[in-house]
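**Q** In my numbering, the protein residues as written are 989 to 1356.
Please keep in mind that the hints were generated in silico from the structure rather than gathered at the bench.
Take the hints with a grain of salt, since some may be wrong.
[Unchecked claim] With a Cα cut of at most 30 Å, we get these calculated BS3-like pairs of lysine-lysine:
no., residue 1, residue 2
1, K1171, K1107
2, K1343, K1321
3, K1234, K1080
4, K1321, K1171
5, K1234, K1321
6, K1234, K1354
7, K1354, K1321
8, K1234, K1107
9, K1107, K1080
10, K1343, K1354
[Unchecked claim] Estimated spans, in silico, between C-beta atoms of each pair:
no., residue 1, residue 2, range
11, G1120, Q1334, 46 to 56 Å
12, R1239, R1314, 19 to 29 Å
13, T1060, Q1334, 36 to 46 Å
14, V1084, W1019, 11 to 21 Å
The C-beta atom is built at its ideal place from N, Cα and C for all residues, glycine as well.
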Amino acid sequence: MVIAAPPATLPPVAFLPASHVAASNPAPHGWTSYRVRPGDTLIGIAARFRTTVDTLAARNHVRNRHSIMAGTVISVPRTSAPASKASSGAAKRVYVVRSGDTLSGIAAHFHVSLAALLKTNHLSASALIQPGQRIVVRGAASTAVAPRSAATSTAYRVRPGDTLGSIALRHHTSVAAVARASKISSRAVIFPGQVLRVPGKGKSSSSSSVPDTFNGVKYPQPIARAAAHNRAVLARRSVPSRSETKAMIVRIARQQGVDTRLALAIAYQESGWNQRAVSPANAVGVMQVIPQGGQWASGLVGRRLDLLRTTDNITAGVVMLRALGRSTDSMEKTVAAYYQGLGALQQHGMYSDTKLYVRNVMALRKSM
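Throw the hints in and build the complete structure from the sequences for me.
**A** Printed below as a string of structure tokens:
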């Protein structure tokens, strides 16, 4: 997660380092397997798992770094420490994806939450799975679904773009629980206007915690709650496709006089060109901009930018890149300042994870 902050001459913005991956240990949490998908590149995989192309190539004995076949299984660094058996509540199970499977259907089949399944396998809610892919399942059924006696349910009207998985994630429950409350199959196809029943936890739900930790950094609950709110708002909104988002980045970068390939690379590293991405630190959208960064960018363009709007989000990130480029003497330092914050960069130099981030972005830029 990236925190793009204003220069030190403006009011300071709190910065929490995202991760501190030592260059001497490219996989501090060990290695896991990843099946290459159509359209994957070694650069993109390296960015996704916060490592370098050199590390992946050496680990997997890759000779041609510009060509990698879909279906190939490679080793990639774990992005977090694997859960211990004592904490997982159940032994690890590996499920081989079959034709027609979905992540929400697999979660429902094993009585685990979709959020837990995504976290275990380092996948996003929009990830696509393929027949033959291996999915790791952890956790006991009792941790995935709330007891019927302890829960109430509320009506939810399906909106365009909704899936059972996205609805379950938004309401902090499981696909199986939504399907059971709505008296439908967990694999059922839902449609706009359909009314579902969503399990709830009554009055106490307002005080329950939301995810507040990212890459080992714990954020205050008010920030995590704001992130959860923004995530829910974006889940209800229609957002551009990746190809449409890419075109918007190019157009706005040209308007602002910013290197288009750099803007594309930053946005891909940050979110995979996904406006619905929101981190626990409340970094929002395509460019992963925190609210303070949005305020700074608003001052740069002379109008209020709404980070939940794709065009405004991209504009915020791009004008910050432009401003940071004027305050640094190289593109690498501009990228580092976007990630680490200009003040921290000037005071401490690049952190170890900043150096990794810069290498990834610069490699991505060459491929754009």
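**Q** Hints first: check each against the structure and report whether it holds.
**A** Right, here's what the structure says about each hint:
1. K1171 <-> K1107: OK: K1171 and K1107 at ~27 Å, within 30 Å.
2. K1343 <-> K1321: holds, 10 Å
3. K1234 <-> K1080: violated, 38 Å
4. K1321 <-> K1171: Outside the cut-off at roughly 55 Å; violated.
5. K1234 <-> K1321: holds, 24 Å
6. K1234 <-> K1354: Holds - the C-alpha atoms of K1354 and K1234 are around 16 Å apart, at most 30 Å.
7. K1354 <-> K1321: holds, 17 Å
8. K1234 <-> K1107: holds, 27 Å
9. K1107 <-> K1080: With a Cα-Cα distance of about 14 Å, the restraint between K1107 and K1080 holds, given a limit of 30 Å.
10. K1343 <-> K1354: holds, 17 Å
11. G1120 <-> Q1334: 46 to 56 Å: At 49 Å between Cβs, range holds.
12. R1239 <-> R1314: 19 to 29 Å: The hinted range 19 to 29 Å holds for R1239 and R1314, with Cβ atoms some 21 Å apart.
13. T1060 <-> Q1334: 36 to 46 Å: The hinted range 36 to 46 Å holds for T1060 and Q1334, with Cβ atoms some 42 Å apart.
14. V1084 <-> W1019: 11 to 21 Å: holds, 20 Å
Violated hints for the displayed structure, listed by number in ascending order: 3, 4.
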